[in-house]
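Participant: As a plain string of letters, each chain reads:
Protein chains: 2
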Amino acid sequence: MGQVTEKNRRIVLASRPVGAPTPDNFRLDEVAIPVPAAGEVLLRTIYLSLDPYMRGRMSDAPSYAPPVAIDAVMVGGTVCQVAESRNADFEAGEWVLSYSGWQLYAISDGSQLTRLGKNPARPSCALGIMGMPGFTAYMGLLDIGQPKAGDTLVVAAATGPVGATVGQLGKLKGCRVIGVAGGVEKCAYAQETLGFDACLNHKDGDFTDQLRQACAEGIDIYYENVGGKVFDAVLPLLNVGARIPVCGLVSRYNATKLPDGPDRLSLLMGTILVKRIKVQGFIIFDDYGHRYDEFAQEMAKLLHAGKIHYREQLVDGLESAPEAFIGLLQGENFGKLVIKVSDAQE
Amino acid sequence: MGQVTEKNRRIVLASRPVGAPTPDNFRLDEVAIPVPAAGEVLLRTIYLSLDPYMRGRMSDAPSYAPPVAIDAVMVGGTVCQVAESRNADFEAGEWVLSYSGWQLYAISDGSQLTRLGKNPARPSCALGIMGMPGFTAYMGLLDIGQPKAGDTLVVAAATGPVGATVGQLGKLKGCRVIGVAGGVEKCAYAQETLGFDACLNHKDGDFTDQLRQACAEGIDIYYENVGGKVFDAVLPLLNVGARIPVCGLVSRYNATKLPDGPDRLSLLMGTILVKRIKVQGFIIFDDYGHRYDEFAQEMAKLLHAGKIHYREQLVDGLESAPEAFIGLLQGENFGKLVIKVSDAQE
Chain A
4 MGQVTEKNRR IVLASRPVGA PTPDNFRLDE VAIPVPAAGE VLLRTIYLSL
54 DPYMRGRMSD APSYAPPVAI DAVMVGGTVC QVAESRNADF EAGEWVLSYS
104 GWQLYAISDG SQLTRLGKNP ARPSCALGIM GMPGFTAYMG LLDIGQPKAG
154 DTLVVAAATG PVGATVGQLG KLKGCRVIGV AGGVEKCAYA QETLGFDACL
204 NHKDGDFTDQ LRQACAEGID IYYENVGGKV FDAVLPLLNV GARIPVCGLV
254 SRYNATKLPD GPDRLSLLMG TILVKRIKVQ GFIIFDDYGH RYDEFAQEMA
304 KLLHAGKIHY REQLVDGLES APEAFIGLLQ GENFGKLVIK VSDAQE
Chain B
4 MGQVTEKNRR IVLASRPVGA PTPDNFRLDE VAIPVPAAGE VLLRTIYLSL
54 DPYMRGRMSD APSYAPPVAI DAVMVGGTVC QVAESRNADF EAGEWVLSYS
104 GWQLYAISDG SQLTRLGKNP ARPSCALGIM GMPGFTAYMG LLDIGQPKAG
154 DTLVVAAATG PVGATVGQLG KLKGCRVIGV AGGVEKCAYA QETLGFDACL
204 NHKDGDFTDQ LRQACAEGID IYYENVGGKV FDAVLPLLNV GARIPVCGLV
254 SRYNATKLPD GPDRLSLLMG TILVKRIKVQ GFIIFDDYGH RYDEFAQEMA
304 KLLHAGKIHY REQLVDGLES APEAFIGLLQ GENFGKLVIK VSDAQE
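In order, the protein sequence lines correspond to chains A and B.
Add 3 to a position in the first sequence, counting from 1, and you land on the number used in our numbering.
Add 3 to a position in the second sequence, counting from 1, and you land on the number used in our numbering.
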């Protein structure tokens, strides 16, 4: 693992999952390392990002992006080094952010690469706080959530890369921040390291009561990235004029059918009306791509000043990606999940 | 009916409805005509507005406004003449817009009255197109719906005072407007008089199919004032970036429990996410009161230029109000429902 190999190792989609993905939905392939043509570069993956949205790409249900084809390489953001360059704009050894998927080597014509320099300090951050998850947290909270000092902000998946960033930005804006996470250790981290006012364990039997008590003045912003029972508990506590950015619904990505039970849609629409609530879905780069530079400058400043913490969970080896991803959909990760595919070259 | 009476006739809330209101939820009272004190005026009601939101005030479930107390006069907007004035700012005979409820006479200190002049051309319009319903249509469509030329706009209750105005404003903005109404006559009016591109009868068995065919390019704006089965048909047709102003949900105001069936909330939230939809509830004067003058100037211009049609259904006599209101909640009215409580004085 990590050493140079004579083959390109890739994880392809073997079959579409029904419900939660299982290891046999993935297959590890070995094929020849591709050879760059004139104008192309060969990329060697150092870090592979794992994110919940990938579950959607495994399915062929209509969505905002096309599915991964059967036997095709799983998609995903990567941080790579240029292993060989036949493109005048790139030199061997330099680091780039790419979207080359679950594989050790890939070819690029350079057009979709973002330069990270020769010797970046924390290159894997480009997959987390400085990349898609951080940007999602930033625009969803600031542009849609419109946080004001004194607001009560509830954020689920509180120690994930989106939730942790949302909560810390909320604190910087003067909000009272209540996190929701799965487990005692995550909740302690959210309170002690991230500085949330409270963090509740959704696995507790009295979670709904705990949330009501923690939000005695109601909820002004609910940053939605989970759905399911957390949203059920949030719904009756929303204040007039509450805002709900919706950037993910990880609790339902594995669902095979809609849950039974009384029709909560009717309850939701009634709440939206009576409390004049704004609900807005967004897909980060489609809706806010033109504001990436603004985000990157601001977030770099916050990180540099130590005002934002960022936690990663590094897992070694491309072959570990399926199991790590299956766990991600169950909330087993703690921090931004990144696969360390290979060692960097000096 | 209509002549001066020695008594104040009032309709009070006799009991809270369970499900659809029935006539015995209302009681017609006769009490002494109140006598204005110094600084007060005696108002004589000419027109009483009936609107779906009144169903909410008959219930003591939590809402955005307090309930009407048992034995209290039903609330409602009115157009009145000043019958007697002990307030230097008002003269006997002048017309005012008030909120004096389901009664023939009322006392006011003048502070909540809007002057309509000595001889207004169509005073009852202050309860409809120039009042709360017109203003609701205007701000909900223009500010939340953000109509653009070429958008497909679907509006339910298409011949009601809100829906008819929404659809006509949508046409003026260059939208393709699909109305939904209950009955052939209403649908013909929406197409022929209001100029909608199409109007579908939600009582037709194949309504869902008709809507899909009428919205071949999907739905960009759904102006929600009905809910229920119309929303069910709209949900799968929404385009990426669709907007849904929510100003009412008349189909559920009489509901005693949430409907059974599969959980459509999960479907709604998934649609909001994947299609980046904005849903926003609003209560017109709370959220947009500061923009009433802008609305009134613009709407008066449109009416004067004949660019907007406005239909009223006048019902004679205060004693007709309960039955007319019960019918309103079932969609039996055709146009803005106004009770003509008494004749104007020359």
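The reader is advised that the hints may include incorrect statements.
Where chains are identical, the list cannot tell them apart; a pair therefore holds if satisfied intra-copy or between any two copies.
Claimed, not checked - Below, simulated DMTMM-like cross-link-like pairs (lysine to aspartate or glutamate); rule was C-alpha separation at most 20 Å, straight line: (1) Lys232 / Glu297; (2) Lys151 / Asp27; (3) Lys206 / Asp146; (4) Lys281 / Asp146; (5) Lys278 / Asp63; (6) Lys278 / Asp290; (7) Lys304 / Glu220; (8) Lys174 / Glu43; (9) Lys10 / Asp200; (10) Lys151 / Asp290; (11) Lys176 / Asp289; (12) Lys176 / Glu349; (13) Lys278 / Asp289; (14) Lys10 / Glu87; (15) Lys304 / Glu195; (16) Lys281 / Glu97.
In short, the hints are calculated from the structure, not lab data.
Predicted model, so just to flag it, every value in this text is computed and none were measured.
Participant: Run through the hints listed earlier and report the numbers of any the structure violates, in increasing order.
Facilitator: 1, 2, 3, 7, 8, 9, 11, 12, 15 and 16
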